[in-house]
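**Q** Chains A and B, in that order, are what the protein sequence lines are.
Position one of the first sequence corresponds to residue 198 (this note's numbering), numbered consecutively onward.
Position one of the second sequence corresponds to residue 318 (this note's numbering), numbered consecutively onward.
Please note that the accuracy of each hint is not assured.
[Unchecked claim] Partial list, derived from the structure: chain B residues whose beta carbon lies under 10 angstroms from chain A:
1) 412
2) 413
3) 422
4) 431
5) 507
6) 531
7) 535
8) 537
9) 712
10) 718
11) 731
12) 733
13) 736
14) 737
[Claimed, not checked] Every beta carbon over 12 angstroms from chain A, so not counted as near; a handful from chain B, in silico:
15) 411
16) 432
17) 449
18) 503
19) 615
20) 711
21) 724
22) 725
23) 848
24) 856
Note that these hints are calculated values from the structure, not bench results.
We put the CB at the ideal spot given by N, CA and C, even for glycine.
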Amino acid sequence: MNVQKLGLVFFPAFDWAISPTHPEREERLLYTRDQIVEEGLLDMPAIREYKPKIAKIQDIERVHVGVPDIASLITNAHLVSAGGAIAAADAVMKKEVQRAFALVRPPGHHAMRIVHGTRGFCTINMEAIMIEYLRKSYGIGKVAIVDTDVHHGDGTQDIFYHDPNTLFISFHQDGRTLYPGTGFTNEMGSPNARGTTLNIPLPPGTTDRGLHEVLDHLIMPILGDFKPDIIINSAGQDNHYSDPLANMAITAQGYARLADTLKADIAVLEGGYSIEDALPYVNVGIVLAMAGMDYSKVIEPNIADCPSQSSSVTHYIKDVIKERQDMWGRKEKLQREAIMKHGEFWQTERSIYYDDEGINEQQKERVRICPHCSGYVIIETKARSSLHYKTAYIGMIPQKACPACLKAAYDVVHTAKKQGSYQHYMVQNKQEDRLEKL
Amino acid sequence: MGFIPGKRGDNMFLGLDVGGTFTDGVVVADEKIVSMVKTPTTKENLLQCILTVVDKMVEDTGSKAFERIALSTTIVTNAIVEDNIDQVGLCIMPGPGMNLNDILPVAPYILSGYIDHRGREMAQPNKEEVLSACRHFSSCDVFVVSGKFAVRNPCFESAVTDWIQEQVSPMHISTGGKVSGSLNFLRRTNSAYYNGAVWRHFNAFATAVEEALKMRGIYSPVFVLKADGGTLPLSVARNYPVEAIFTGPAASTIGIMGMNDDAAVSGISLDIGGTTTDIALWQKGRPLLAKEGAAVDGHVTGVQGFRLKSVGIGGDSLVFWENHVLKVGPMRHGPAMAAGGPKPTVTDAMVAAGFIDFGDRVLAVKAMKLLALQGQSPEEMASQVVDKAVNGICQAIADLLDEQAAEPLYHVEEIIYETKFVLENIIGVGGGAAGLVPLVAKKLGISYTLPENGRVANAFGAAVARSTLDITLRADTAEGYYTVAELGIKNRLPRGKFSLQNAYELAEKHLAELAQRNGIFIGETQIIQSEEFNMVRGFTTVGKIMTCRLQVKPGVLQYGEEELY
Numbered sequence: 198m199n200v201q202k203l204g205l206v207f208f209p210a211f212d213w214a215i216s217p218t219h220p221e222r223e224e225r226l227l228y229t230r231d232q233i234v235e236e237g238l239l240d241m242p243a244i245r246e247y248k249p250k251i252a253k254i255q256d257i258e259r260v261h262v263g264v265p266d267i268a269s270l271i272t273n274a275h276l277v278s279a280g281g282a283i284a285a286a287d288a289v290m291k292k293e294v295q296r297a298f299a300l301v302r303p304p305g306h307h308a309m310r311i312v313h314g315t316r317g318f319c320t321i322n323m324e325a326i327m328i329e330y331l332r333k334s335y336g337i338g339k340v341a342i343v344d345t346d347v348h349h350g351d352g353t354q355d356i357f358y359h360d361p362n363t364l365f366i367s368f369h370q371d372g373r374t375l376y377p378g379t380g381f382t383n384e385m386g387s388p389n390a391r392g393t394t395l396n397i398p399l400p401p402g403t404t405d406r407g408l409h410e411v412l413d414h415l416i417m418p419i420l421g422d423f424k425p426d427i428i429i430n431s432a433g434q435d436n437h438y439s440d441p442l443a444n445m446a447i448t449a450q451g452y453a454r455l456a457d458t459l460k461a462d463i464a465v466l467e468g469g470y471s472i473e474d475a476l477p478y479v480n481v482g483i484v485l486a487m488a489g490m491d492y493s494k495v496i497e498p499n500i501a502d503c504p505s506q507s508s509s510v511t512h513y514i515k516d517v518i519k520e521r522q523d524m525w526g527r528k529e530k531l532q533r534e535a536i537m538k539h540g541e542f543w544q545t546e547r548s549i550y551y552d553d554e555g556i557n558e559q560q561k562e563r564v565r566i567c568p569h570c571s572g573y574v575i576i577e578t579k580a581r582s583s584l585h586y587k588t589a590y591i592g593m594i595p596q597k598a599c600p601a602c603l604k605a606a607y608d609v610v611h612t613a614k615k616q617g618s619y620q621h622y623m624v625q626n627k628q629e630d631r632l633e634k635l
Numbered sequence: 318m319g320f321i322p323g324k325r326g327d328n329m330f331l332g333l334d335v336g337g338t339f340t341d342g343v344v345v346a347d348e349k350i351v352s353m354v355k356t357p358t359t360k361e362n363l364l365q366c367i368l369t370v371v372d373k374m375v376e377d378t379g380s381k382a383f384e385r386i387a388l389s390t391t392i393v394t395n396a397i398v399e400d401n402i403d404q405v406g407l408c409i410m411p412g413p414g415m416n417l418n419d420i421l422p423v424a425p426y427i428l429s430g431y432i433d434h435r436g437r438e439m440a441q442p443n444k445e446e447v448l449s450a451c452r453h454f455s456s457c458d459v460f461v462v463s464g465k466f467a468v469r470n471p472c473f474e475s476a477v478t479d480w481i482q483e484q485v486s487p488m489h490i491s492t493g494g495k496v497s498g499s500l501n502f503l504r505r506t507n508s509a510y511y512n513g514a515v516w517r518h519f520n521a522f523a524t525a526v527e528e529a530l531k532m533r534g535i536y537s538p539v540f541v542l543k544a545d546g547g548t549l550p551l552s553v554a555r556n557y558p559v560e561a562i563f564t565g566p567a568a569s570t571i572g573i574m575g576m577n578d579d580a581a582v583s584g585i586s587l588d589i590g591g592t593t594t595d596i597a598l599w600q601k602g603r604p605l606l607a608k609e610g611a612a613v614d615g616h617v618t619g620v621q622g623f624r625l626k627s628v629g630i631g632g633d634s635l636v637f638w639e640n641h642v643l644k645v646g647p648m649r650h651g652p653a654m655a656a657g658g659p660k661p662t663v664t665d666a667m668v669a670a671g672f673i674d675f676g677d678r679v680l681a682v683k684a685m686k687l688l689a690l691q692g693q694s695p696e697e698m699a700s701q702v703v704d705k706a707v708n709g710i711c712q713a714i715a716d717l718l719d720e721q722a723a724e725p726l727y728h729v730e731e732i733i734y735e736t737k738f739v740l741e742n743i744i745g746v747g748g749g750a751a752g753l754v755p756l757v758a759k760k761l762g763i764s765y766t767l768p769e770n771g772r773v774a775n776a777f778g779a780a781v782a783r784s785t786l787d788i789t790l791r792a793d794t795a796e797g798y799y800t801v802a803e804l805g806i807k808n809r810l811p812r813g814k815f816s817l818q819n820a821y822e823l824a825e826k827h828l829a830e831l832a833q834r835n836g837i838f839i840g841e842t843q844i845i846q847s848e849e850f851n852m853v854r855g856f857t858t859v860g861k862i863m864t865c866r867l868q869v870k871p872g873v874l875q876y877g878e879e880e881l882y
């Protein structure tokens, strides 16, 4: 059978909005739909359009623990968007297409493991759900995620922070100048996974030139070194020069060339809020590039508005590339040092803000630095908003957990339950593919 | 005005379907078929078989006063397949985007000028370039002009058309936006290209038909069937010949609608002919439209049609062994052996197995004997062939249902609450239906209907098909304009609040005007697409974008409904 180049799952969710005037509103992909249809892209023999599936709660709970449960925190749109990513994955894995693009909303890369609500427009993490589905259904091992959204993919980072088999690379506008204020170079993964979280903060004003320096000299060599079974692109489009929520200077050509160079197996849309001036052109560029077609004529009508890159930005980027290359070269050493330093557990404590509903979460996290597996995780969470106070004590068991970690996770949660200082006690058992309420 | 029973004498509607092998004609009076004619199609000169049928019907009915003569012909399809088409000066304004150069049927001349997705003029067209294009295409009598997003703003297509007209006054200029009002620059351009390329050929045919009828003293208005099952007056069709492709399956689909008395069943129809079976999907008594237009010679177009699937299995399909595998179709080597044909066919198997009574049973059994393996009786062979044919049709039905289920949907609610297509009934028409449809229905475990005269559903459909038109109105209240692509208009919106309901009313008004201009009776209309979006800039709602596509509903002529002639 003839394998088509690109599977396109287009799901603009024309009846879903966070609120009527929110950037995540019905209109977001309207002009993109117009451009894609008008170009005739869906008629191209290299491109096959797919309909999204509907994700199951089990697919979501393989990644997330919702407090008190995930079903009450999401809408049907989230099931379809996650199902869109799953449909893209299936199309690629069944070899119906060479690669796939889930051009879907709502987005997800700010959604972390524990979910109390919506943050950064995201409630559940589409890429993470898709990746765990790929592992469960097709036995995929090593995965690389390249997050090209202008905002740091803090949710995806959180989900895979302890997983040495998932390389998470994110370039984004520097967290000192943009939401969510994270994604610095010192966030490198917990000791067992040190180095497989790789942040590349870029200065405001970065253009195609700077971006492609980073891609050619940093990201591509690292991907070559890591040798993933599959490459996922978190394809945010808000690095565009016209994006109203950020300050970068990437063009449709820059994005198309990025897609052409990266050759991701599956791309999933994230942000991008210049809905008229950027998205129609950026998406056409990405679709053409992923389909192996000529994208050289995809140029924004107002391209004259795109600023050029200052020399200080150019220098800054060169330095970032150098520093990150060094880190990657020393990552085994860094890992050994981190394991020695931390003993049996690595722990962290932080507060997480859910901007959508004004929820403040305090989270304590502890991961066992296990010599046999990636280690069980314990998360204590307390979330407060004007309406609610929710707490939970959660154990997480990785898919390939060793017997000791498997048993210990249950023991720890049972012990906590006896003390009874939390409202909910749960164990996310990835070995058994279920979330248990204790 | 309107329909006056007996106005031209006998209230008779003549319908004619020119098929690949045979041409069928019927005369319908008071919903009854009063004359039925079948003659071989004269491929090299379609006019000949058309006139043969008309002459026989005049003889049959003793009348020349038909209310209407409606033709479903392969004239356009044949012209394209046989490359009997004109060289066309194809001028496009693609703006930024996909590179179309190697995708269009012929090399285009690229002009400046770009309209964006909102219909805003981002770069002006250049008259000098258009004059160069005219020189480049100096040998062309027909031009085609197509611009990206011209359906959002027709001004550039109009301007370029005027410049070409002024410079070289070609015989005809087709414009993309008028040929198809839907988004899809590629499809509109292809539609307009083929429209231009067959324009001269179709017009010569139209003139020949009109003159031949006049010579016979027949002054009935002539209509042409479209792929969407509607008809157009020949005078209007002269400017939109591309609409006349693939009308055969549409004719029989409308015929089924008429023969089925509007029974609101859901399921499928099977038109089983000599070489193919056409499958259509029906919901509550109406055939579903295809989401996209038909493809011509490998090029997608915007020509709207029904959601159909053809499978190469029919009554005359050749049955043979290939590498020890039994094959049915898709080729035809003449009629069934039972009817004096040279080779075993599906019909022979049906006769030999005792499912139908047709031709010479002895010859049918002989056909099966020729096919039978050692130790296999002709009856066993026959039932194996029938199974094979039935399975082939069932597989095609399953594929069509899968395709329908896989149609992308863009709203959450549509996906979450999607209702599965329910097969309740099969309506069978065409020469091969009587034998095969009961077997297909049995295999699928559903009921079936075989309308009387189902053999001529195609010609019947042509006879009774309503005239249709459709327009696409798009209003952008932030810009303060609305456009109707098919009419090439861009007008200011009325002052004050403008709702989707206002958009429907405005579309109704324009559709009525167009119908009047084209001499078409406007009965029931239907909205075939509508959407409405709030536009928010900053955190303020600045306007709405509304689109509604309105159509004179295709279907069967009702009593009291007739053209304004």
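**Q** Does each hint fit the structure? Answer for all of them.
**A** Here is how each hint holds up against the structure:
With a least beta-carbon distance of about 8 angstroms to chain A, the hint placing residue 412/B at the interface is held under the 10 angstroms criterion. The beta carbon of residue 413/B comes within 5 angstroms of a beta carbon in chain A, closer than 10 angstroms, and the hint placing it at the interface holds. The interface hint given for residue 422/B is violated, since its Cβ lies 13 angstroms from the closest Cβ of chain A, which is over the 10 angstroms cut-off. Annotation: interface hint on residue 431/B holds; nearest CB of chain A at approximately 6 angstroms, less than 10 angstroms.
Among the interface hints, the one on residue 507/B holds; its C-beta lies about 9 angstroms from the nearest C-beta in chain A, closer than the 10 angstroms criterion. The closest approach between the C-beta of residue 531/B and any C-beta of chain A is roughly 43 angstroms, which is over the 10 angstroms cut-off, so the hint fails. Interface hint at residue 535/B: violated, since its Cβ lies 43 angstroms from the closest Cβ of chain A, which is beyond the 10 angstroms cut-off. Proximity of residue 537/B to chain A is violated relative to the hint, the smallest CB-CB distance being about 40 angstroms (cut-off 10 angstroms).
Look at residue 712/B: its Cβ only gets to about 16 angstroms from chain A, farther than 10 angstroms, so that hint breaks. The beta carbon of residue 718/B is not positioned within 10 angstroms of any beta carbon in chain A (closest approach about 14 angstroms), and the interface hint is therefore violated. Proximity of residue 731/B to chain A holds as hinted, the smallest CB-CB distance being about 8 angstroms (cut-off 10 angstroms). Interface restraint check for residue 733/B: the shortest CB-CB distance to chain A comes to about 5 angstroms, inside 10 angstroms, so the restraint holds.
At its closest, the beta carbon of residue 736/B sits 14 angstroms from a beta carbon of chain A; the interface hint therefore is violated under the 10 angstroms criterion. The beta carbon of residue 737/B comes no nearer than 14 angstroms to any beta carbon in chain A, farther than 10 angstroms, and the hint placing it at the interface is violated. Distance check for residue 411/B against chain A: the nearest CB is about 8 angstroms away, which does not clear 12 angstroms, and the non-interface claim fails. With a cut of 12 angstroms on Cβ distances, residue 432/B falls inside the contact zone with chain A, its closest approach being about 10 angstroms.
With a least CB separation of 20 angstroms from chain A, residue 449/B remains clear of the 12 angstroms interface cut-off, as annotated. The claim that residue 503/B is not at the interface with chain A is violated, since a C-beta of that chain comes within 12 angstroms of its own (minimum 3 angstroms). At the 12 angstroms boundary, the C-beta of residue 615/B falls inside the reach of chain A, the nearest C-beta of that chain being 10 angstroms off. The Cβ of residue 711/B sits about 22 angstroms from the closest Cβ of chain A, beyond the 12 angstroms cut-off, so the non-interface label holds.
With a least beta-carbon separation of about 7 angstroms from chain A, residue 724/B fails to lie farther than 12 angstroms from that chain, contradicting its non-interface assignment. Listed as a non-interface residue, residue 725/B fails to keep its Cβ farther than 12 angstroms from every Cβ of chain A; the least gap is roughly 5 angstroms. Against the 12 angstroms criterion, residue 848/B falls within the reach of chain A, whose nearest CB is about 7 angstroms from its own CB. Taking the minimum C-beta to C-beta distance to chain A, about 5 angstroms, the non-interface status of residue 856/B is violated against the 12 angstroms cut.
Hint compliance for this structure: hints 3, 6, 7, 8, 9, 10, 13, 14, 15, 16, 18, 19, 21, 22, 23, 24 are not met, and every other hint is.
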